[in-house]
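**Q** Sequence:
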Amino acid sequence: MGPVGAILAELDKWSARSRPVVVTGRNEELRRELAAQDRKHPTHVLGFATNMHELMAVAELIITKPGGLTSSEALAMGKPLFILNPIPGQEAANSDFLLEHGAAAKANRMEDLPYRIEQLLGTKKLADMGGRPGR
9 MGPVGAILAE
19 LDKWSARSRP
29 VVVTGRNEEL
39 RRELAAQDRK
49 HPTHVLGFAT
59 NMHELMAVAE
69 LIITKPGGLT
79 SSEALAMGKP
89 LFILNPIPGQ
99 EAANSDFLLE
109 HGAAAKANRM
119 EDLPYRIEQL
129 LGTKKLADMG
139 GRPGR
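Each residue of the sequence shown is one higher than the one before, starting from 9 at the first, in the numbering used here.
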């Protein structure tokens, strides 16, 4: 999902307590690199995961690019999405759809991430975002 290290660095600026979970998939080099870094907040860095449904189930918010599979899994589980830098084409179209239907929030600049998420966590808007479009 793009610049994961930069995203974690921005998330570590939060004043609120958080426990990010990062799934790097089959990118073992990225998993090792991220796992070796020190952070203010406890961060779980996983490689390939066969239990994504369990990881999503315990997530308060899923920060991701709006690919079809991740978006549809999150919607099916009623989990809100936070979108960062969708690529033109299908991801941009998915992003527009999710935003129009209130299932996601978005930041266009990496440095806006901590503020935008901090403003969202624990709010009614976050609770309302979790769910299927059109309900």
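Derived by calculation from the structure, the hints in this document are not laboratory data.
Mixed in with the good hints, there may be bad ones.
Stated by the list, open to error - Cut-off 30 angstroms, straight-line C-alpha distance, at most; resulting in silico cross-link-like pairs (DSBU-like, lysine-lysine): (1) Lys87 <-> Lys48; (2) Lys21 <-> Lys133; (3) Lys114 <-> Lys21; (4) Lys87 <-> Lys114; (5) Lys48 <-> Lys114; (6) Lys114 <-> Lys73; (7) Lys87 <-> Lys21; (8) Lys87 <-> Lys132; (9) Lys21 <-> Lys132; (10) Lys133 <-> Lys48; (11) Lys133 <-> Lys73; (12) Lys133 <-> Lys87; (13) Lys48 <-> Lys73; (14) Lys132 <-> Lys114; (15) Lys48 <-> Lys21; (16) Lys48 <-> Lys132; (17) Lys132 <-> Lys73; (18) Lys87 <-> Lys73; (19) Lys114 <-> Lys133; (20) Lys21 <-> Lys73.
**Q** Next step is simple, just say for each hint if it's right about the structure.
**A** Each hint, compared with the structure:
1. Lys87 <-> Lys48: Roughly 25 angstroms between the alpha carbons, so the hint for lysine 87 and lysine 48 holds.
2. Lys21 <-> Lys133: holds (22 angstroms)
3. Lys114 <-> Lys21: holds (18 angstroms)
4. Lys87 <-> Lys114: holds (15 angstroms)
5. Lys48 <-> Lys114: holds (24 angstroms)
6. Lys114 <-> Lys73: holds (10 angstroms)
7. Lys87 <-> Lys21: At roughly 24 angstroms apart (the allowed maximum being 30 angstroms), lysine 21 and lysine 87 satisfy the hint.
8. Lys87 <-> Lys132: Within the cut-off at roughly 14 angstroms; holds.
9. Lys21 <-> Lys132: holds (23 angstroms)
10. Lys133 <-> Lys48: Holds, at about 27 angstroms.
11. Lys133 <-> Lys73: holds (20 angstroms)
12. Lys133 <-> Lys87: holds (12 angstroms)
13. Lys48 <-> Lys73: Given that 30 angstroms is the threshold and the Cα spacing comes to 24 angstroms, the pair holds.
14. Lys132 <-> Lys114: holds (17 angstroms)
15. Lys48 <-> Lys21: holds (8 angstroms)
16. Lys48 <-> Lys132: holds (27 angstroms)
17. Lys132 <-> Lys73: holds (23 angstroms)
18. Lys87 <-> Lys73: holds (14 angstroms)
19. Lys114 <-> Lys133: Given that 30 angstroms is the threshold and the Cα spacing comes to 13 angstroms, the pair holds.
20. Lys21 <-> Lys73: Within the cut-off at roughly 21 angstroms; holds.
When the structure is compared with the earlier hints, no violation turns up for any of them.
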